[in-house]
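S.K.: Protein chains in written order, with our numbering: chain A, 1 to 333; chain B, 1001 to 1335; chain C, 2001 to 2499; chain D, 3001 to 3336.
Some hints could be false.
Claimed, not checked - Just some of the chain B residues that point at chain A, by a computed CB distance under 7 Å: (1) E1020; (2) M1295; (3) S1299.
Unchecked claim - Below, a list of computed lysine to any residue pairs in the SDA-like style, where the Cα atoms sit at most 25 Å apart: (4) C:K2372 with D:Y3197; (5) D:K3019 with C:R2380; (6) B:K1208 with C:Q2150; (7) B:K1124 with D:K3228; (8) C:K2030 with C:N2233; (9) B:K1322 with D:V3132; (10) D:K3225 with C:Q2150; (11) B:K1275 with C:D2137; (12) D:K3228 with C:R2268; (13) D:K3135 with B:Q1303; (14) D:K3133 with B:V1317; (15) B:K1124 with D:K3282; (16) D:K3135 with B:S1252.
Just so you know, these hints were derived from the structure itself, not from any lab. Since we're looking at a predicted model, the values are computed, not measured. Glycine is no exception: its CB is placed at the ideal position from the N, C-alpha and C atoms.
Here is what each chain is made of, one letter per residue.
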Amino acid sequence: MKKIIIGMLVLLMLFTVVGAAAAQSGKYALVVKSAGNPFMEKVREGFENAISEVGGEAIYKAPAEPTVEAQIIMIEQLITQRVDAIAISANDPEALRPALQKAMSRGIKVLSLDSSVNPNSRMVHVNQADPEQIGRVQIQGIAEMIGGEGQIAVLSATSQATNQNLWIDWMKKELEKPEYDNIELVKVAYGDDLRDKSVSETEALLKSYPDLKGIIAPTTVGIAAAGKVLTDRDLVGEVYLTGLGLPSEMAEYIKNGVSPWMYLWNPIDLGYLAGYAAEGLVAEEITGEAGESFTAGDLGEKEVIKAGEGTEIMLGAPFRFDADNIDQWKEVY
Amino acid sequence: MAEKSSENRMSLERIQQIREFSLIGFIIILSIFVQFRNSNFLTMANLDDLLTNTAILSILAVGMMMVIITRGIDLSIGATLALSGMLTSMLVSVYPALHPLAALLIGTLIGFVSGSIIGLLVAKFNILPIIATLGMMNVFRGITFLISGGKWVSAYQMSDSFKSISTGSILGINNLIVISIFIYLVFYYFINYTRTGRKIYAVGSSPKSAKVSGINVTKITWLVYSIMGSLAGLSGVLWVSKFASAQSNTASGYELNVIAACVIGGISIAGGEGKVTGLLSGVLLYGILENALPMINVSPFWQNAIQGAVILIAVVVSALIKRKTGSSNKIRRED
Amino acid sequence: MSDQYILELKNITKKFPGVKALDNVNFQLKAGEIHALMGENGAGKSTFIKVITGVHQPNEGEIYLNGEKIEINDPNDSKALGIAAIYQHATSYPHLSVTENIFMGHEKIDSRTKRIMWGDMHQAAAKHLQELGADFDPRRRMSTLSVAQQQIVEIAKAISTKAEIIIMDEPTASLTKTESEDLYIITEKLQKIGTSIIFISHRFEDMYRLADRVTVLRDSKYIGTWGVNEVSNKDLIKAMVGREINQLFPKTEKEIGKEIMRVENLSRKGYFKDISFALNEGEILAVTGLVGAGRTELCESLFGIKEYDSGIIYFENKEVEIKEVEDAMNLGIGYLPEDRQEQGLILDWELDKNISLSALDKISNRGWIDRKKEKNMAKRLAEKVNVKARSIFNLASQLSGGNQQKIVVAKLLTSDLKVIILDEPTKGVDVGAKSAIFEIMSDLAAQGYAIIMVSSEMPEVLGMGDRILVMRNGEITAEMDVEEADQEKILEAAMKAEK
Amino acid sequence: MENKLEKGLTFNRKIKAEKEFNLKDFFLQWEWLLLLIFIAIHIMNSQLSPYYLNTYTLLDATMTFLDKAFIALSMTFVIIFGDIDISVGSTVALSSVIMAVLYNAGLSMPLAIIVCLLVGITAGFINGILIVKFKELSAVIVTLSTMILYRGIAYIILEDQAAGGFPMWFNFLGWGYIKNLIPVILIAFSVAAVIFYLLLHKTTFGRKIYAIGNNDIASLFSGVKVDKIKLIVFTLNGFMAALAALFLTSKMGSTRPNIASGYELDVIAMVVLGGVSTSGGKGRMIGVLLSIFIIGYLRYGLGLVNVPSQVILIIIGALLIISVLVSNLLYGNKSE
């Protein structure tokens, strides 16, 4: 039996080892964290728009579960397909290094967006917003809501993706300013980006800190869950909520006053920018060195800047959603 | 000797009680300990939260108990739950006027269809439950992804009446708790006081005997998975209403929590054994662990290990109690 | 004419893929009689019952109940017609209560609400049990009952369905003498209230004690029906086996040699204590007593299945320890377990693999199996024990009970044995195979092997044993030479001080 | 050779010891069906993607699924027992995390690798000892508990951090090629597969595994050390999980407590599709090997033409059920 199989395999290989290597140009792949994430669906939309503007073919890959293992396999498949560029939102900054380096060694341009990979495994990172700005603006927001004093807590995701931890660090730095002396950050809780976990973590926060005045949830799942809990308990005006959320999910809580406003960047633009950056790399308009610049379609001129040990392209400041503009945005994403 | 050991084994009925009592004892000790560390634990508000958050788990556990009694297992319930939740909430987003009861009914129906397919595979085509449900888990989850197109159904797309299913209350008690109490009463009656209910035990205790004594084993097995599916479907609606969000990866892996609760509750994987009262204490312990650990500031990273250890201890201790009370530990198999 | 029969089966044929399990079988049951059904294993008795109870449907033939032609399509049909069966392996629900076992499927329910009325059921169950002379609590779990008690529950179940015809499939096979006696009384009681009974058994004493008429099946065919008093034992055996058997207990002349094994104060908590005996070459030591007296457990400890707690074993005058099966096998102790299918064989395996399983060392080289050696060994041994099989690649499950037994014996022959332990070697075995087994035993003893034979069958103990040990409640209550032994003495020792 | 016990017995019946070749039985073997599926998948894949059918792709693709395939080898033994081990995914995570943490704490890499394997062995041993000592607990329950427990310990150790920074040579396991063509993992797996094949089909150890899976009581009575063998097999399963952890960790370059989640189900699916019955005693290594490559290449091929992962999910699920269904219809079902 074994012989037969080996024989078959060899035969199959011989059969078409000559197999065509039809080279097509202009294949751009987008690998996201997992399927079923509406934020990423919007990123995809922007990415596909950009790619169709430059006349290429966009490939979208989303693993069923948000794991690095699945992303590695997808990268290998993309390498086999000989795509020209891979844009990835990573489930782990470090673990994709070998796979992405292999891709780069085969001449594929690699960039990350949203959730970055380490500088040595990418050429450039497309950053939705400056982490410093994101961190600081959320503290400023919550301070304004609670009137400058009281206890606040952070409801984060798993914080495995580098983002949240970075933002929380900036939040803590912002809090060191003297004007926030009366604000106390009592706890950073982790909802693991799971609905049920985020709900029970929010409830535990409310119970453990009866005097809690505000919650910052720098994650879309967490903020929606917290909004739901605060609404259900009718804590409008007593506990304020802000953070990063999807307009569609947060529309209800912004309008009922639980969260007077919150922030997010525009995922469509993020995808769009990533699409143009990929095109720039493929066309060798840019190489990912600091100081280069390129035109990103409707977004205009963008510059590659130094960030840590690597380089990145900045989308812009986070956008503020409040009762006045939420209705026009909730249908978009 | 037979006489001697059978006297010993006379107390076998009592073992179940001892087990339940020791479980309840453990729950009480745990509660006192937690209360000591965080005085908010034993407040009405927190107990309400605790029960509300455990309600869905408890409903699923009833179905899983029946499946396990027939020597089966159902790994697909998380996927069924997601499918029903997604379909129902998509429906609600299109027809906001849909009556909540209708939504519950539709969700249950979707679950029933899913469950009866599994029932058919297991009962009619003799596919082992673990395989059939593993396969269908993939299929249901995939279908959910496809139907939703990867999109979520969010709070604003759901009507208030739909969301009120799980936020509203009757006589000051949260609807979810009311629904799960209702389900426990119905199934307590069903399992203990109807012929069909008893046949479930018969099939699990000895499928061979059941067959020769004219019990339609195929039908009962099918029924059990269909009920499990229906309850998962119902839970899907409750889940989506509770979290006001339907995602395609909802409740992924939740089946293991449900099985764990059943195991703590003394439902024997070998079949034929298990009581609603035991199940209830298992579910309660599980719910308390979930609720109390964050409250006493146990690092979230310790929670997994603690849960695993508790389950392991629960099953080992119950095995030891069984031995001590003299049940035969011969290697012979029953059946 | 046929209307005097309550149940009549005409020309019943049942085919399974590849085999005819019943070939044109006829059977008539008179109202109120006890009718024995006999035949060797594999003669078709079990299939025959399953046809009557609707588990199987016949391919050909007709069934008449009270003269009316009927069809029985599933077990519920037969139940509705008043037919109940008590199967060989109790068909009970071990996790459930006695009451539930009795009433499963026909629980007493409130006519309006359909609610099960547990109180009424427990009462009714207690009443049924009382009628049968049993006094245990119907709330008890089935698994806590003894085999005999479980059988009573099965009978109570039959009564509760108001069955007019009760089929008993080898009900005495796992019962002791006294328990069997109790069962006879119950059966007669049933007969008195007008129940017709089909009684299947290997034991002639059952038949003589109870039955009015006897029907014999052989090789799936109907051989004949006789009045019990009209037919001689010898003719009946001939009808069953198809040939004459001259001597059931072939005891050959032999010399009992020197001591090979001695056991002193062997104990295992909860099972047996202070067991001491000696065993000599060429001797057949019969160990008897009631079921549950600790005989099987003793043998299991001697064979290393379950470790004993204290005591000393001497083997060929050397002190040895038997902790594992391997220890026992290395010493040269072989064990023929009681339940061949469960403990002796792997039914889904070919004969060669079955035979070699306990001698893997002999057919392997540093762990690598030598298939050629294995096949040769299997062929040689299968031929030695005269297994009726075409090739060593036949599956064990394809063999008849007697031939399966022979394969278990062949497994023993793979090692160089000195002591052979046989646990109930003839349980569930038909006459033909029985005599073959006794023949082998005698042969072995004559060659100097020491044999420990556990048996509940009095004729067997007296017929084959050289020395007899009687156990009760885990202790040895009597030891006697066969010359000085008789049934009364053994029984007295087995039941000493009980009741 | 004839021992003295046999001498007394002589009959004259002849029994055949030569196997009769039955063409129908031969071709009705499950493995043929698998082979058919295997070929069909390659034909389908090469129709779908122009990049599929060439030596590089076919060899490269094996890098995407062979890590868990190591566990499938030993899981085959476990399932032949009629048991199951669902803690393997957690064992992978635990051994990988401990290895990384110790390496970062200054242990040399070779030592860390040895520790990784030891952790796997220990985890498997604990499963085994619990299953052997508490016969009333089924393996499902024991390994369900340890599944939660082992991953829990991994979380305690590393919380939500990642650990990595392994030396460059460690990358070689997951990413290296021999002669720039054949992936290291494929060679390692082939060696392991041959060893497991021989172990199961040619040695007394394998024979005993089948015996226990068919009838543990009869095995015990035949002198098979049931407990010892079970313990060895569960320990071996832990060891193979640790081996898979090495390759997976090498592939990712770093590790964290949530890796390899859901591996147990993938592995079980591979084994079951290979024709190993979860009721025990049945199945062959060759079927499992075929099934590993069927599932692996199916996934890879569909991914190559960018079929959404959720559709792949459905296809794998359906394949599992349909193949078991077909086998039930073809060979009847034992459970009756």
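S.K.: Next, verify each hint and record whether it holds.
M.R.: Now the hints, each set against the structure:
| no. | hint | verdict |
| --- | --- | --- |
| 1 | E1020 | violated, 27 Å |
| 2 | M1295 | holds, 5 Å |
| 3 | S1299 | violated, 10 Å |
| 4 | C:K2372 with D:Y3197 | holds, 19 Å |
| 5 | D:K3019 with C:R2380 | holds, 16 Å |
| 6 | B:K1208 with C:Q2150 | holds, 16 Å |
| 7 | B:K1124 with D:K3228 | violated, 38 Å |
| 8 | C:K2030 with C:N2233 | holds, 23 Å |
| 9 | B:K1322 with D:V3132 | holds, 16 Å |
| 10 | D:K3225 with C:Q2150 | violated, 33 Å |
| 11 | B:K1275 with C:D2137 | holds, 21 Å |
| 12 | D:K3228 with C:R2268 | holds, 23 Å |
| 13 | D:K3135 with B:Q1303 | violated, 28 Å |
| 14 | D:K3133 with B:V1317 | holds, 13 Å |
| 15 | B:K1124 with D:K3282 | holds, 22 Å |
| 16 | D:K3135 with B:S1252 | violated, 31 Å |
In the structure shown, a violation is registered for the earlier hints numbered 1, 3, 7, 10, 13 and 16, in ascending order.
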